[in-house]
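Enquirer: Listed below, chain by chain, are the residues.
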Amino acid sequence: MTSPVQALSKSLTVNDNPYMKPMEWLSLALLAALILIVLPLLLDGFRLNLVGKYLTYAFVALGLVICWGYAGILSLGQGVFFGLGGYCMAMYLKLEASSPENTKIQSTPGIPDFMDWNQITSLPWFWKPFNSLPLTLILVVAVPVVFALVISAAMFKRRVGGTYFAIITQAIAAILTILIVGQQGYTGGINGITDLRTLHGWDIRTDSAHNILYFVNAGLLIGCILIAQYVKRSKLGRILVAMRDKEDRVRFSGYSVAGFKVFAFCLAAAFAAIGGAMFTLQVGFMSPSFVGIVPSIEMVIYAAVGGRLSLFGAVWGTLLVNWAKTSFSESFPDLWLFGLGALFIAVVLAFPNGLAGIWREQIEPRLTRRIGSLRAPDPAIAPHSAPAE
Amino acid sequence: MADDNDQRRDRGLHSPLRRKLLMGLAGAPVLALMPRGALAAAPTSAVNTSGLAVTDSEVTVGILHSVSGTMAISETGAQQAEKLAIEQINAAGGVLGRKIKIIQEDGASDWPTFAEKAKKLLVNDHCAAVFGCWTSASRKAVLPVFEQYNGMLYYPTFYEGLEQSKNVIYTGQEATQQILAGLDWVHKEKGGDTFFFAGSDYIWPRTSNKIARKHVENVLKGKVVGEEYFPLGHTQFNSVINKIKLTKPKVIFTDVVGGSNVAFYKQLKAAGIDLSKQVLMTISVTEDEIDGIGGENIAGAYACMKYFQSIDNENNKGFVTAFKKMWGEKTVIGDVTQAAYLGPFLWKLTVEKAGSFDVDKIAAASSDIEFKGAPEGYVRIDPNHHLWSKTRVGRAKTDGQFEIVYTSPELIKPDPFPKGYQ
Amino acid sequence: MFGDYSLGDLGAIFAMQGFAGLILFSVYVLMALGLAIIFGQMGVINMAHGEFMILGAYMTYLCSSFFQAHLPSLFPAYFFLAMLIAFLTSGALGMLVEWGLIRFLYKRPLDTLLATWGLSLILQQAFRSIFGAREVGVELPSWLIGSVQVTDSIEVPINGLFVMAVTTLITVGVALLIYRSRFGQQVRAVMQNRAMAGAVGIDTEKVDRYTFGLGCGIAGVAGSAFTMIGSTGPTSGQLYIVDTFLIVVFGGAASLLGTIASAFSISQTQSTLEFFLSGSMAKVLTLLAVVGILMLRPQGLFTLKVRR
Amino acid sequence: MNASLLPNVLMGAEPAKDPAAAPDFLLAVDALTVSFDGFKAVNDVSFYVDPNEIRVIIGPNGAGKTTVLDLICGRTRASAGSIKYKGQELTKLTESAIVQAGVGRKFQTPSIYDDLTVFENLEISFPRGRSVWGALTFKRDAEVRDRIHEIAETIFLKDQLKARAEFLSHGQKQWLEIGMLLIQDPELLMLDEPVAGMSVGERIKTAELLNQIIVGRSVLVIEHDMKFVEDIAHRVTVLHQGKVLSEGSMERVKNDPKVIEVYLGH
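Chains as they are written, first to last, in the working numbering: chain A, 67 to 455; chain B, 451 to 872; chain C, 87 to 394; chain D, 16 to 281.
A few of these clues could be false.
Said to hold, decoys possible - Heads up, simulated DSBU-like pairs for lysine-lysine below, C-alpha to C-alpha not over 30 Å straight-line: (1) Lys671/B <-> Lys700/B; (2) Lys223/A <-> Lys193/C; (3) Lys391/A <-> Lys551/B; (4) Lys101/D <-> Lys223/A; (5) Lys170/A <-> Lys194/A; (6) Lys55/D <-> Lys223/A; (7) Lys177/D <-> Lys193/C; (8) Lys173/D <-> Lys87/A; (9) Lys220/D <-> Lys242/D; (10) Lys822/B <-> Lys863/B; (11) Lys223/A <-> Lys107/D; (12) Lys551/B <-> Lys780/B.
For the record, the hints were derived by calculation from the structure and aren't laboratory data. These numbers were taken from a predicted model, which means no experiment stands behind them.
Go ahead and model the full structure; you've got the sequences and the hints to work with.
Expert: Below, the structure is given as structure tokens:
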């Protein structure tokens, strides 16, 4: 009785769980071509820097695909992690820009200008680690992830989920904004941390620096997509999908659901933090306006427009919404809000799977018919599903 | 009638400048001296050596304010004043014989958007000057952009100081200019010796209050009995009102901004604090804000500004008439709106003095530029790129206007890094 | 910090501080009641709740302008009519929104959140286009201005008393409606078991629509009452939404009593903290405490232990 | 495995050991009570299951049968009483820890992952890589594949391995769920109405399936179908209004007057 089973299993070993399916390789190639070749060739330095800024939001959207699309955890506080990552980077850059020579007109030279304005005479302890670049690079990811861990472990252990989690993350975003604005002596207040100049002596304000940072950013984004893809096709990815649909059942398969949710949330926080740090480097400052509720919800819409289950969609969605925002708000600032509002509604009512859904339903079938001879992708394995309930 | 006024004023301010120009550009084509002749101008290659958007007949400038988002409410007036000023300058022949063309961008109340759009105006559009920004945060966001790409920003809002840049002309007051004379006045005239500070929680109120506290404690030998800050948008002030009642200050000194203002004054009134008896001095309420607060809620409060719509002089009458003609009878004009109106004129005068649109030359030529046609009266640019101006104290009336009760006798020197106040 | 004041002063201050807390409490209850119905009973997250409030506030503003211009003799009484109009307008818009949007999303609560956020953006821009970007102030009839002298040093603002009275009336009305009326019975039936309620002949779609309309209508009245205290601008609604949701969640979403208890504890905490700390820090600490408690006790203050 | 080697449990063979003589129960439920809002859904329930015993719980609707299973597998927390599994207290453990200890549970309505394929459903239930790190680094190696194919064959789904579970028939979904339990290889298996809602053909196949899988483990079954109960039960516990009404062999229970009155007599 074993031989037919083994034969069957052999036939399946060939390719039953590849790292990426052909269609995914194609998507990756298209995306990489766009952000690494096409856009840099087509756009001038200014526009390219702008795209670089948008791509930092794509990190957040990518995290949301894992955490919201796959694990079903909607966080309305991703701005918190984006902001924390960005602030960590900004603190390092600010310290570098506040050398005693640069700040000799202050009453206490060598500390950031806003501290001096607020009668702070020595560097607060939590700023000290940011004198070191390697430590900063670690903290950029570690601080948001630890914060995410603290928030999520407490809540998921107690099975707070769904709408409650969304509301609480939103409240945390609100709290952090008020705190940053209120503690301006330590944080730069509502102005944020501005006038950042050099990264370890390298001037980040020049056009060539912007170009280099753009490619670093794009490279990191593709790296994060590959990580997310690894997670998605691992058993953990399937557990996330299973959990989203039947959380109880996963428990009765012997998994500690809270642990998996915490992982998904922390991964999303880590991605957001990397995006935040790259944002600070490319834009040259960080302010509390990225921490609050409004940017956090806008970042959700990027993921929704791209398709909440599609890693590549997250990037496309982010680029599309931001492109629309920039071009609309240049010509019709009033219409833009109507447009954005309508986009939210449309994506929920009419296109719950976003751009990726349109691609899969309209374009992919035609493509596969063309290249069907290469290898027919298997619709059965991919989790094509309507949004979680 | 409005046109008459404008033209009169324009003529008045052009004639001495023309002479200066003559001296500065000896041998330059005579055509340059004919302000109303569009064709007449110095060759563009001479007045623009740094690749700005200047043609033989046109010069491009940017206006960068929030048209959308929470700050749109505040920034509307400034933007309107800048457009009015530019229209008037164009009607009078433009700058160096060139009409001013406006490119307007929306900062959308979002600081990175300000930075992004500022960069666009400088890098893509090569604007010769940009008039804009309102909040400190937006200015901080664009400042590195202006310094990096060598642009020229005319910033209209009264602000906290602690800044000075080659690339910015601050047409509003820095904090000491706005506050100190007012505190002296309230101390002398109203016997103010105990103060309660209440402000919104961000850099401008905190810095202003810091300066005010030093002045009260060190110069006036008075006492600050309370200092409170609220998140932006806060609407519940009953607790602070109780604290005010408890501490019984002679003077309530406020810098609450935005929507919070309305709640603050309404609740103050409801709690029985009568502004005809209790002295309240604000540095954040202009005619614009009273529109939302309601005159009856704030009547009796003193505001410390450099400009009120009710200033009685020829310049201001002309300005108010022209502004209402352009933007509607119901519009009101506050301090920042007037400061914004100064920007284009100061730039024009500087360009004409420098004989060039080049930013470096303008930055250098800005010192000691005088503008006699300012609605607030005579103003002058200090070498530190801030304006010399007077401080006025006005008392709010129920109709939303201010009755001016004090005007500083002299122009006050701008001092963005005040010694002894940091 | 109390050393400088007499005992009488302190007593008066604490009395007035307590009253300040009560006003804040009334405001919170008004904001949260409508949401407690929509979120607690229907499970819909209405992020546009603040905008429904602001709609009510704008209606009050229109009424006030109209009476001032055309019926100055009736101006003292306009506020009552204004509240009614606010209720009807916000309620009607709410029913329209339920019909056009919400009813497709009952099974996807997280999606209602996104869709209603979109709705709130549209409403904000609509307010801005119609009423202008500037904040508008509503002129109050003279009898609502000023304060009542309770003792020499204790004064109580009249508009505060009025807000408290309105809150009490509305709360009692809603409680009667939900727990005593036939409509309330149907609402609770539908929420507990939609299929069964439908099977026994309740028109569940109609109940949904009226429930949502009721929640929005109460938001409208809240907005109307708000004009006495704060300002009305296109984006004012967004300021309240986080507080309001926290109150409802903290109270234990399904219970009106919980909402009231939660509004009471949050308002008293905040108002007491405000007296000792700055407004910003008082707000931060209050919200932190609420979030902290919710992390440890996610079901909120009042929930029944139910079989899962 | 060879079907012919299985003991024919359908004949209702008695367990080898006498329960009174053996204190080492596999599962000991003692004075278990749970109340919802004062309503005691389970009230002072005690019973003991031996290794390899097949125990059926019967009782009218609302007797608390499903709640007892919920309590054992940690889905509901007990108000009082204890549940000992191989000497280990279960009332304090999380659901996943209880499963990892060796207790498997099949739900009343088929509970499978609609969005995943049959293969993936089984793979998730495979008892390896249950930690976050383990799941990330989990390899679909030969052992996993062989085991899945083996189980798939047992549950009649070897041709549906690549199909999404959503598209299975009701009976196939039940089998898949049983398969998911089977791959965990639990020592105590709890089944909640395993043949409810099945066609006659499916029922026969299911009985055959159950027959195979109960070998070498203890089984706790809730069932209404008396014919089925009589076929498989070693012993029967009758619950009524949250309390144990009667316990013993089917024969004895059937003749208990209390039972006849409340349940069988109707």
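Enquirer: Against each hint, give a clear statement of whether it holds in the structure.
Expert: How the hints compare with the structure:
1. Lys671/B <-> Lys700/B: With a Cα-Cα distance of about 14 Å, the restraint between lysine 671/B and lysine 700/B holds, given a limit of 30 Å.
2. Lys223/A <-> Lys193/C: holds, 25 Å
3. Lys391/A <-> Lys551/B: Status holds; Cα separation ~25 Å.
4. Lys101/D <-> Lys223/A: Between lysine 101/D and lysine 223/A the Cα gap is close to 26 Å, so the pair holds against 30 Å.
5. Lys170/A <-> Lys194/A: holds, 20 Å
6. Lys55/D <-> Lys223/A: Cα-Cα ~27 Å, so holds.
7. Lys177/D <-> Lys193/C: holds, 29 Å
8. Lys173/D <-> Lys87/A: With a Cα-Cα distance of about 24 Å, the restraint between lysine 173/D and lysine 87/A holds, given a limit of 30 Å.
9. Lys220/D <-> Lys242/D: holds, 16 Å
10. Lys822/B <-> Lys863/B: With a Cα-Cα distance of about 17 Å, the restraint between lysine 822/B and lysine 863/B holds, given a limit of 30 Å.
11. Lys223/A <-> Lys107/D: holds, 14 Å
12. Lys551/B <-> Lys780/B: Status holds; Cα separation ~27 Å.
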